[in-house]
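Those sequence lines, one after another, are chains A and B. Okay, so the first sequence: first residue is 1 according to my numbering, each after it adds one. Okay, so the second sequence: first residue is 1001 according to my numbering, each after it adds one.
Ranges of calculated distance between the beta carbons of each label pair, as one might list FRET restraints:
no.: 1; chain 1: B; residue 1: F1068; chain 2: A; residue 2: K186; range: 30 to 40 Å
no.: 2; chain 1: B; residue 1: N1176; chain 2: A; residue 2: N341; range: 19 to 29 Å
no.: 3; chain 1: A; residue 1: R51; chain 2: B; residue 2: P1262; range: 17 to 27 Å
no.: 4; chain 1: A; residue 1: A274; chain 2: B; residue 2: E1237; range: 35 to 45 Å
no.: 5; chain 1: B; residue 1: D1003; chain 2: A; residue 2: D187; range: 54 to 64 Å
no.: 6; chain 1: A; residue 1: S318; chain 2: B; residue 2: E1058; range: 45 to 55 Å
no.: 7; chain 1: A; residue 1: D155; chain 2: B; residue 2: Q1207; range: 42 to 52 Å
no.: 8; chain 1: A; residue 1: A128; chain 2: B; residue 2: G1311; range: 25 to 35 Å
no.: 9; chain 1: B; residue 1: V1236; chain 2: A; residue 2: C351; range: 39 to 49 Å
no.: 10; chain 1: A; residue 1: A128; chain 2: B; residue 2: N1362; range: 21 to 31 Å
Hints in this document: simulated from the structure, not taken from any laboratory. On a predicted model such as this, the values are computed, not experimentally measured, just so you know. Cβ atoms here follow ideal geometry from the backbone N, Cα and C, with glycine treated the same way.
Below, each chain spelled out in residue letters.
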Amino acid sequence: MAIYINGIGSISPQETKDNSTFLSNIIEYTNAFLPILEPPYKEYIPPKNLRRMSKIIRNSIVAAHISMKDSNLEMPDAIITGTGLGCALDTEKFLSNMTENKETFLTPTSFIQSTHNTIGGSIALGLACHNYNMTYVHRGFSFETALHDAKMMLDDGEIENALVGGFDEMTDKHIILLKSIWSHQKDGVSNFQLRNPEENGTIIGQGSNFFVLEKEKKLSSYAKLLDLKFFYKPDSVIEIIEEFLKNNKLNTKNIDLVIMGYNGISSETEVYDAVSDHLFPKTTIAWFKHLCGEFYTASAFGTWMAAQILQKQYIPKSVIYKGNAPTKLHNILLYNQFQKNEHSLILFSQC
Amino acid sequence: MVDRIAITGIGVISALGLNVEQNFDALLKSQSGIKAIRILNTIHNGELPVGEIPFTDEELTQKLGFTFNKGWSRTSLIGLLAAREAWNQAKLYKDYKSKKGLVSATTVAGMRRSEEFYCDFIKNGTGEDFISTHDAGDSTEKIADDLGIKDYLTTISTACSSSTNSIMLGARLLKNKVLDKVLVGGMDSLTKFTLNGFNSLMILDKQNCRSFDDNRAGLNLGEGAAFLVLERESEVEDKAILGYVAGYANANDAYHQTASSPEGKGAALAMSKALKMAKLKAEDIDYINAHGTATLNNDLSEGLAIEEVFGKKLPKISSTKPFTGHTLGAAGVIESVFSILALKHQLIYPNLNFKTQMKELNFSPETELLRNLKLNFVLSNSFGFGGNNSSIIFGKH
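With the rest of the complex left out, here is chain B (with noise of 0.2 Å):
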């Protein structure tokens, strides 16, 4: 019998809370985490909304029980938050004899405090406190020297999709027998450079993002952080299990650096392959937690994509980036945890803001929050930059 891959510990850190608990309860109450900017130190404060986690790094290094945070990036005080939540459920603190690994992800790393620091270091020679933090790897090895990983670490980075792909390298390290356990997950921490990098790109909606809408306007950016603990279901002796790894598939559209092809060919592909390593049809399907990003080109895109899939017979779908924003490299896993807890929980969360069916779709995201459900299986969706577009489908336990 194949041995499936177990996931055992989740954790979340986002706009709509600190932990998995305050993440599920938003989710619920169908309060979105998406507000006027409160912390971050820019012009846009005021015009843009966005899905900001409601502390200052302070107050984040505060909670995380250290004394001082030099040496730390926003991106990693949130990491670290999310792992260590996801490692203590999963009971690995006091697990001395498996090989565990960590494969993370962020497309940001520490550019939160390298555009407070790197103009002035240049001119000036003052600051050099960021230059550790800056590359992507920092976030990376904070984590695992906190949590004692030592066996296997690496970062990914493929734009919006780095997440989902951290979860499918985990994925392939066990069943390849490198390791025994795998922390899986990534983070993004809001900055000046990916909002005026966006906005420059002039897909940021100045009101709450609509994913799916025909009258949608762009995205708000969010930032998050997100890990899973995943093991081979034969070795996860008496802790309870949270659903399974089911299939996963990345492929790339190869059709334009940033913009995603009219047809979805990139997506369609992710997904039909992820089914097909699932071995499971389209009609096995249940829910997809959609990317949708609510830009003009991602949600049409993607609309169509999923219809080129699951034809006539579509599952339901609903994109939950209303509630967090598009938290980047940490989306994908953020939204891995929100499938997962759906598949636990038997229900749907409600596409928040959508009001018009779009013209091109012969479909409407769900609106409400659907419960008791029979679930058994939830595809996830994430694409990004560079036309990497990864899929993941979850089963129940």
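With the rest of the complex left out, here is chain A (with noise of 0.2 Å):
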């Protein structure tokens, strides 16, 4: 049974609120770190509401609220969100604050809003929405095993509908830690220069990025979502991709543009390469974090990309990294991977 992306909503450092465009201006960045480009949050939420939310808090809902709008839906049957972090600014502050005050005079707030499910509950209260409401918060897993949950409550037939999102914030603080263990590239770099960069190592970014799955096709529908699959460790991506394409009655060729999650950092870029050199020779192949950078849950962008191209049947210049603009679009694997541990493989195909 198809599963339909009927709805899209994408804050992130790049221009995205606005469906009816897709990339057509490029943002260029020279940090090491990309900050969001924050919408106008007052034409979505109440200023009551929006004076003690945090930022991730109403990048979500905003996009959460794109999406639904975008397809006309106004009660999900199911909220399921994925997350690295959470809401890593309140965390933050409230472990700061215990620190720094030796555990007294404490205020509740950023407690409260510290936990992963914040956003989830949050959107379900905006919408006093009653429904199946889930968070998962597994690293390069966190949105896709949304995505999944997903998938199956509507191919059970639990559900007709869900709003899907992945989101994650960077602090000033965070970023400290991440660039403590991730290799990274120096200030000054743009994130152009990320596919051959001088140095080794990614740039850090966020977003929150939100979809509306539906069974039913609709004028707004972007995109069929055909399967997907994630896997840790792999001994062998090539065949695990060799498989998923055959349970889909599929094969390379019948891929017409592969978007891979290449990052600037160079044994990643080694796995991506491989992938591309074997099973996609002649394949276009897209990439996108150097619009959005690397995070736990950027690969929601990269679904929010396949959904853009196969709806406005159309690859954007600055997402090409190898090949040409192929002719027809209709099937487009996306192909990510988190610190080489946790793999991921989405299939979309043309409604």
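Now that you have both chains on their own, put them together as the hints suggest.
Here's what the structure looks like:
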């Protein structure tokens, strides 16, 4: 049974909030850390609610709102979110206050908002939605599990539609942590240089990307979600991809575009290159992390891009990594990995 | 015929003990694990009682047979102890052919180490060892690596309903034939972060907690971990079945970020949807292991929701939080293990510390250990921040 992506909403370091346009103006950054382009929050959230919300809550609610409006969905049967860190800023705030004040004079606001499910709960609260509500928090599988859970429930007939989102925020302090364990670019390097970086390393990003999945095809449909698979510390990525395509009665030649999570880290580039060389030597390869940066739920931005490409039947030049824009765009495979441990495949097709 | 979801392994660690046997023994003897703080380094030592596992990280490391615990958070240490117990009972160590997965849950993740080292690291750049254990995925991958699980792993964090939701996802993965065997559960260690967080909300009792008591004054925090092994009944082979997952549901209260709605709308929805999924009537449930945290808000809202769903003929009810404390992300699965043991041994645990019936409710919880009962189905509730409410029903083998 087909599952359709009928609504999308993206708040990212790029101009992505307006679904009628698609990366027509790419923003260049020269920091090793990409900020969010903040939307006009007041257009989406009542000011009295806005005051207490951190940026990630605001951005995610706006992204969810845009995707639901896009598909004319008022009340989702399920709200399923994925996030690597949840509300990182509120967590840090409570942690720092507690440590600095030696466990005294603490107020609960940042503690309340520090839980990973704050956003799933806030969206439900805003919609008065009493339905299924879930939050997955597993590094490079966070968004993937959310998508998979929604797919299983749609396939089972448990639900007719789902609001699915992936989000993460980066804070000044969390970047200090990540920079000590991730290979990263130096400040001053353009995000466009990430393709052939002088130094081994990535740029750190963030974003909130939401989708409405439904069983019914609509005028607003972007793409069909055919299948997805995620796998941990694989022995052979190539075999897994071949088997995944075979299970979907496809072979590598049926794939018109492969979107990969190239991020500037050379050991990961090697894995992507091997997949490209062995399985897709003649297929066009696209990438996205130069636009959104690397983060736990970056694959949600990749999903947003795949949906846009299939609906608009157009690939912006700025996202082509190898090859020429294909003449037909029917099937897209998204292959992402996170720190070499968590790998995922998402298969889309034209409606 | 429907291929039921069978439980073939259980493992638990809490303030009551290091394994199923020790936990069950304490439950039978009505021995609470809630005591003064001994190990957590906090200014609230002596003031706030907790359900603490009475071993240091070094001692827990030794129990796992490791010689050092660099890169291991307390959350992962206790999680692995419980996970190994369940995995072993289900005889999965030598299973090389099945597709095996792990669905875990946590709310605090590696916060216990982060709160020791974070501020120093930001200031001086020292002690970066905690960074890799800070996020929620770490403990899941530690357990998966130890047990050799590769086919599917993920982590859930929906506050205090987290590990009930992991049982739910595990069952769904089996029904959809994504996996053949799945380890489901969760873990949370005590942290200054959560202790001070709940303290700032003014919902911690300075005495041992009194669930469903008219004079209740808040919860006690606890720590622990538990796991279940789930398999399709048709593929259990010669292993002993401990019980079945008969039904489950997840609903949202959509009332307030932390507080439950006064009438317990989300709680009632979760219970009635779970009954519907299990194709059971309210009177088929013999025992409710309540969420029963002993906060003013939870017990009232849960109590009213139970009355709404079950009407006048209520099943027997008790909360085991006065034994273990509220173990947050682990609570749902720890209480699931207790519910499975209740079915297996046909008994109901007492709701410790209860004296006075709540004015707003028509029922009192059980206060004595009840044996030689006829229990067919037990329902367990877990409700959390963000309005996340989940109920799960276990059936007797």
